[in-house]
Amino acid sequence: MSFTGGTVAASAAALREGGVSPQELLAEARAQFERVDAEVGAVLTQTWELAERQAADAQRRLREDPGAASPLCGIPVALKDVLCLEGVACTAGSRILEGFHPPYTGTAVQRLLDAGAVVIGKTNCDEFAMGSSTENSAYRPVRNPWDRSRVPGGSSGGSAAAVAAGMVPYSLGTDTGGSIRQPAALCGVVGFKPTYGRVSRYGLIAFASSLDQIGPFAHTVEDCALVYSAIAGHDPRDSTSSPTAVEDPMETLRGGIAGMRLGVPHEYFGEGLEPGVRRAVEEALRVLEGMGATLDEVSLPSTGAALSTYYIIAPAECSSNLARYDGIRFGMRKEHDALLQMYLDTRGCGFGAEVKRRIMLGTYALSSGYYDAYYRKAQKVRTVIAEEFAAAFERVDALVCATSPTVAFPLAAREDPLSMYLCDVLTLPVNLAGLPGVSLPCGMADGLPVGLQVIAPRFQDARALRVAHAYEQATGWHRARSPLVEATA
Amino acid sequence: MSSTATHGTDTLRVGDREYQAVIGLEVHAQLLTRSKMFCGCSAAYVGAPPNSNTCPVCLGLPGTLPVINRQAVEYTVRTAVALNCEIPEFTKFDRKNYFYPDLPKGYQISQYDLPLSRRGWLQFHVDGEQRRCGITRVHLEEDTGTMYHAGDVLQSATSSLVDCNRCGVPLMEIVGEPDLRTPEEAREYLIWLRRVLMYIGVNDGNLEQGSFRCDANVSIRPRGSDQLGVKVEIKNMNSFRAVHHALGYEIERQRQVLEQGGALPQETRGWVETQQATVSQRSKEYAHDYRYFPEPDLPPLQLEAALVERIRGELPELPDARAARLRRQHGLGDYDAGLLTATREEADTYESVVATGVGAKLAANWMLGDVARLANEHRLPLQQSGLGVAGLAALLRLLEAGTISGSVAKELLAELYRDGGDPAALVEQRGLGQVSDAGALSSLIDEAIAQGSKAVADFRAGKEAALQSLVGYVMKQTRGRADAQLVNRLLRERLGG
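Order-wise, the sequence lines are chains G and V.
Just so you know, we're using my numbering here: the first sequence kicks off at 1 and counts up by one.
Just so you know, we're using my numbering here: the second sequence kicks off at 490 and counts up by one.
No wet-lab data here; the hints were simulated from the structure.
Heads up, a few of these hints could be off.
[Said to hold, decoys possible] Going by beta-carbon spacing under 7 angstroms, a handful of chain V positions derived as facing chain G:
#, residue
1, Pro545
2, Asn586
3, Asp786
4, Pro789
5, Leu790
[Stated by the list, open to error] When the alpha-carbon atoms are kept at most 35 angstroms apart in a straight line, the in silico DSBU-like pairs for lysine-lysine are as follows:
#, chain 1, residue 1, chain 2, residue 2
6, G, Lys356, V, Lys773
7, G, Lys356, V, Lys581
8, V, Lys585, G, Lys377
9, V, Lys720, G, Lys377
10, V, Lys850, V, Lys773
11, G, Lys356, V, Lys850
The model shown is predicted, which means the values in this text are computed figures rather than measured ones.
Don't be surprised by glycine CBs; every beta carbon is placed ideally from N, CA and C.
Here chain G stands alone, though its shape is the one from the complex:
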């Protein structure tokens, strides 16, 4: 029996029933990686030796006390290359971090290691998580496992593609404006961005601190819930992580949605939505209604301002967060006798065009004389956007809409930055409001996956997962696999 393209839950059960060992799971992951990654380009750094050791450890733990072992014990995982793992190169998809080996492990990754995870490598991404196609990786683009002429979405394109191509049953990504949910939609997998403050950001190379959040990719909502349970919770090293107790999503996952009120945000079904995406999402709404949920149209009037708000706040934070890449202490340095020229050369060569664009946007927005007109105003609009979501959630339990207005588009199709920014128009308001959001497969358009987005109130992560799980179980779209997996199976 092959586990390639399988789920975490199935592997976990098989590990306990003796049907497979962590080493065998790892060998399958490696075989699939070697078969397909030359074409996909999902992995930047491979960590097979580390994985072998972890698999052996996991094997011992499973043998000694299979009941106590986490469901993630012995199961391969890939980590977006913005997550620090001690001693393993971490580039954030950027030249400027070439040669950087973090001397510490971030909290979310450490929690996976504590659970017995087997890390096979670090996944490709847009440079510093800035982008929606993974074409901004300084190393190479990632190709969509469903159609290699197309992008996987981004910025966590490598993590999404690694799961979609069957290299690992799950992976970690990060989501600042849609960077988990949009590639999940485009790659036909499930992606979950938890509530801001649920998963520690310690060890996550920051893009925009007030928006970044770590979350999982997997084939099923249940798998995402398992991973979320392992990584969520307060961390004293991250002052923005919530000290409140985490609800166990597994307890309510199978509760169904009969009697639930689901909101359909009017503004999310506008002109930019591709007909194929609209058809699939509207069909999904009928399915949800059929399962006993009430659909209510709601309005989020400031949605139109979200994109410009986001593109002030996120660049402002990034302009400051990326100041540390100065060639002084780590990463790349372009030597020069004069300090200023060393700074200019290092940052000029080390950063790609999109990163520079955002640093400039953010620097401008924070400049003396412009702060009030841009940054302060954007913060006010952000508050309004969050309040509109809160008002909607007084009427409905969750919101449902498309994740991405389009299916996966061809590489190099969006050279104009603004058209790229529009990829996240349905996901980034969720980051601005700090809400949990799930994207899960809800059909196909022109042979490419379409994603359905479920949005819940802050800290109602379990509810978002419950709605998503109910839909998934009712439709079975989650069983569809990319041709790269079909070919193996």
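Position chain V against the provided structure of chain G, taking the given hints into account.
Structure of chain V alone, referenced to chain G:
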């Protein structure tokens, strides 16, 4: 808010017009917390091998996050309370963005528009006159690292090294109002501010090592004007003396520029000790735009009123109040009270000696006289000397009780300071007890009169001072043990004075 009295010495002349200097000081004081501002590294970085006192957080490595040091917040509140500041319930941290190799993150976590406290004042003294200087704000931030340049100065350095041991040490910024008018006022303000910070235990007051640093803003304006002139910021002053000299130099420089019809640009100047001059470093056009914005990695701080009240309740008596109490309760003069309260240790020592029953004036005289001299000679404070505080108290009690004479006390003090020991036991053992028995002294009085016929004649002729040589004879014969006052009285009786 402030009430700086103008006085004669602050007048400057530019042509036939009277001008006046306006000075505002910004002090940076490192806090005496155990750990750094945002990580667990030790805040005591001095002497550690370069870059050894660091961790991923204070090195600003990618992915790391700051966590606020609660003790640093409490120390800043304590300072704010001591400086009579308002403490709002809501405060937050901001990022101050600029590039420099000693700033690992490319920004300093500081406070911008909602500082931990504002609108306070510090009382101090200049030439016995009481002054008050407004405090604009006291806020909390993190220190930077240290740079070492191959070559003396940055401009000619062929290479530079960065030591991050100091990165992230809690730093408090105390911004004073432009209420000061003379270099003397500025110096006294700093001396009193440092004294308060050391009293409340938040800072060690070390200017040389830079745990207490000062920058000044100086401008001059026509007397009577309520407009501020173009300000010049002066940096790199590493002692009270340097502050005094730099301000004196800068005020005179500005006066001369105006007198010659020149204009003063807004700029930053550095005090160069070897030239005894301020030198332009940066003009306004090159001023940084720090692009302050709220630190997204730290939630705003809510300071509960109960916390502030607890800290207020725990505040020790401050030097000014303590000096006033010593004047009132102990009858000390301004000068003595000021010296005895210059440090908390000194005042505590003085009060604990007095508490054993030693007279206030006696304790004050000895502490400010012989004890201070010995401490200076041995470079060792009384507390750490062989004598110790209890020993001093015991010695002074023996003196006060008349058990030993003043000159014996003085000799013993010097010996015990160095070698230690029990004063009473030593007096007993060496037979140093004072001779204050008229009978025992009687034959020595006779001897003195017999050998000092000239002095006797002079005294009888009305020369009072002549008696001293007779007293001296008796003291010498008793090796200082005789009660000098008694000898004096006995001699007068015998000579029929």
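Now for the hints, and whether the structure bears them out:
| no. | hint | in the structure |
| --- | --- | --- |
| 1 | Pro545 | holds, 5 angstroms |
| 2 | Asn586 | holds, 5 angstroms |
| 3 | Asp786 | holds, 5 angstroms |
| 4 | Pro789 | violated, 11 angstroms |
| 5 | Leu790 | violated, 10 angstroms |
| 6 | Lys356/G <-> Lys773/V | holds, 27 angstroms |
| 7 | Lys356/G <-> Lys581/V | holds, 29 angstroms |
| 8 | Lys585/V <-> Lys377/G | holds, 20 angstroms |
| 9 | Lys720/V <-> Lys377/G | holds, 32 angstroms |
| 10 | Lys850/V <-> Lys773/V | violated, 56 angstroms |
| 11 | Lys356/G <-> Lys850/V | violated, 73 angstroms |
The structure shown violates the earlier hints numbered 4, 5, 10 and 11.
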